[in-house]
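Student: So you can see what is in the structure, the chains are spelled out below.
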Amino acid sequence: MSDVVRMGVVGVGALAQRAILPHLTQEDLHDSVQVRAICDPVAERAEEVARRFGVPRVYARVEELVSAGEADAVTIASPIGLHFEHGRLALEAGLHVHFNKTMSTTVDEADVLIETAQARGLKIVASPGEGLRPQLRRTRQLIEQGAIGKLSWAICGVAFGRYHESEEPERLEPHAGGPIDPSWYFRKPGGGPLYDMAAYALHGLTSVLGPARRVTALSGKVLPLREFMGTAVDAEVDDNTVLLLDIADNALAVVHGTAAGTILDDFGAACYFGTEGEIRGLLLNGEPFDFPGRDLTVDAPTWDWEAQMRVLPHVVGPHRRIPESHVFEDIMQLVDAIRDGTPTPVTAEQARHVVDIIESAYRAAGTGFRQDIRTVFQLPAVGL
Amino acid sequence: MTAGSPRVRLAVVGVGDVAQRDYLPEAHRIADVAEIVMVCGRREDRAREVAGRFGVARWAAGYHRAVETDDVDAVVNLTPPGAHVEVTMTALRAGKHVYTEKPLAPSVAEAITLRDEAARRGLTLVCAPSVMIFPQLVAAREVVASGRLGPIYAARAVAFGGVPPWAGYISDPSPYFRPSTGPLVDVGVYPVHALAGLLGPVRRVTAMSSRTRHSFAVTGGPARGTVVPVEVDDNWQLILECETRTGSGRGTDRRTRVLASIQANFCAVAAAGPECELFGEHGTLAFDLLDVAAPLKLSAEDEWTEQAVVHERAGGPDHILGVRHLAECVLSGRQPLLGPDRAIHVLEVLEAARVSAREGRAIEVRAAGGPVMRRNDPVKETSQ
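Protein chains in written order, with our numbering: chain A, 1 to 384; chain B, 1 to 384.
Hint data in this document are derived by calculation from the structure and do not stem from the laboratory. Possibly wrong hints are sitting among the right ones.
Label pairs and their computed distance ranges (CB to CB) [what the hints assert, rightly or not]:
1) A/P318 with B/R358: 54 to 60 Å
2) A/N285 with B/A314: 24 to 30 Å
3) B/A109 with A/P292: 42 to 48 Å
4) A/G146 with B/E142: 41 to 47 Å
Think about it this way: if two alpha-carbon atoms lie no more than 20 Å apart in a straight line, the pair counts; the simulated EDC-like pairs of lysine to aspartate or glutamate are [as the list claims (entries may be wrong)]:
5) A/K221 with B/E364
6) A/K123 with A/E144
7) A/K221 with B/E243
Note that the structure is predicted; figures quoted are calculated from it, not measured. For every residue, glycine included, the Cβ atom is placed at its ideal position computed from N, Cα and C.
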């Protein structure tokens, strides 16, 4: 294998244009990863993006990209409902895969992906790599060391209003090929705030506490009709789901995935409450706690997501100024794993567990019955 | 109100911690509508001591003197939960109006018999907690009614007043950990009352619970050394589906199910943040349920602003407002806003939560009679 990882990008919508391509085409990566091909069904958009970022090959279909021999690995940036199919095609063609969140929409799909990769000796890295963040690793260490006594409960989650319809400039003011349609966020499979934004909260929670055992949930739809640039979008999926998890040692966790309002700063990060103290975001009993790299973040408010990502190992130099650097970090976890076998904590098994929580939560909400979660994953050693 | 106006003559039954902490020291604030003419306790010496300390003319051991005395109009029932039904029923049968601490009764069925007894006799029955007339909740209702948040889609609340026995607690904390009480009943009532009152009646409940310890020893205060068995789950997490109406009320109403998560425990330290948050399409409202001195916090367009609340008590819960409400209803003949229907609805929700946690399924809550606080309900009975 070439020392430089040849990367393909599957889907060049908002995330690829805002983050993946700007990051991966920086000079400092020239000797480690190069984007050699992209694919997108909107030909005009794909051609313009390829020109803008200097990508040599453009394809309309995933099958063409993965069989062309141009790439060693792909990053899957298509709508969530297509991740499984696109990832499976790549693995079957012998490519390593980075999945943007979430890896798949069902556990059965996740099983196929993991088994296919294992059978072929391929690597999967599945975003979001919340477990990489020193902030969360320190949170886990504090809890394991008893800094808040015995953990009693935790809360995390997301609330966001009409972000996908009205706040992403890449969608609204496209370079070519027309606006980037967000309708899939409100359709099956893969739509809804759990697969989308609450996946961060669930990866974070399970990176701190390990796998959950049981889940129950209530779920509903508050906006039956959405609008994107003057066109009505029928919302098919629930946009308002709250779930309860039985996790850790007799602790309970609540996770909000809500399509309205904004969650108070503290609850964007998780809050953990114990018999002798609490961790709220980056505060231990009201005082900031230390973590490796904290000096890189102290000039920014704790809710400044991008600033909090400056502490990630690959987020240096120009990458600190490009959005969504956590996505870049996850891709680099795959690049390092391919180049020299560096193990990563950003695993397909944890992503499958999160998919299991989400799928089981919807089943609990639909049937009214609490669900056992059948998958597990191994937390890595906590070392900081 | 001028001197010589009629006042409601009250007998306070129960002179334990809550009476001495929250009611008797604040009683001077309702002297325009009520007068405490007697205090009753299980032990005469304590009743006498409390009467002397708070300037009450008469005292008695047991509660029978309170209900047999002609110059008592109403009983303020501050006994431990296990005595609530007996004291309230005896008082009603003796023709006394009643204000009762929560819970109204240990079961919905017993609560209904109390409601019916009061109705049959034309007596006023006011049920704690009076959180819906606490000034911060009144202000929150006004914000919700103003439409500044847009439609509300989700909410979260934590019920927490400390793990009994808290600092300065003067009684044996064991009753808090009996099967009929626990955090669900003792503190869970606050967020359930508040969310049902603000959003609409609860239609569906799912819950999980756990027990984090099986006994503990009291380490300070008069009960020092007492080993308290934990006979009830001390860690609860609920999700409620509240039915709220949006629209003008002229046939264009749309019913929306709002999802609310509630945490109630006797095992974690205090959560420092706002106890309740409402997530609306255009903003988030955060406030405390118990502390009347905490300001409202309103978030809109990523800006948090604070709104001070005028409060008469220096801080903490202002339970005496519920006794004022009783007195004002007795004097005016008006139906109480804090009547038994609201308390019965909350008991139904708590029973549903118990069944849900035990059986692992979501529980429907039947449509109860009029627990919702409608927009045109007067906030206060009198405003002079």
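Student: With reference to the structure, classify each hint as holding or not holding.
Tutor: Results of checking the hints against the structure:
1. Separation of A/P318 from B/R358 is about 56 Å and conforms to the stated range, judged on CB atoms against 54 to 60 Å.
2. At roughly 25 Å, the beta-carbon separation of A/N285 and B/A314 lies within the given 24 to 30 Å, and the hint holds.
3. About 59 Å separates the C-beta atoms of B/A109 and A/P292, a value inconsistent with the hinted range of 42 to 48 Å.
4. One distance hint, 41 to 47 Å for the beta-carbon pair A/G146 and B/E142, holds here, with the actual separation near 44 Å.
5. Of the pairs offered as hints, the one joining A/K221 and B/E364 holds, with about 18 Å between alpha carbons and a cut-off of 20 Å not exceeded.
6. The straight-line distance between the Cα atoms of A/K123 and A/E144 is roughly 30 Å, outside the 20 Å bound, and the hint therefore fails.
7. For the given pair, A/K221 sits about 13 Å from B/E243 by alpha-carbon distance, which is consistent with the 20 Å threshold.
In this structure, the earlier hints numbered 3, 6 are contradicted, and the remaining ones agree with it.
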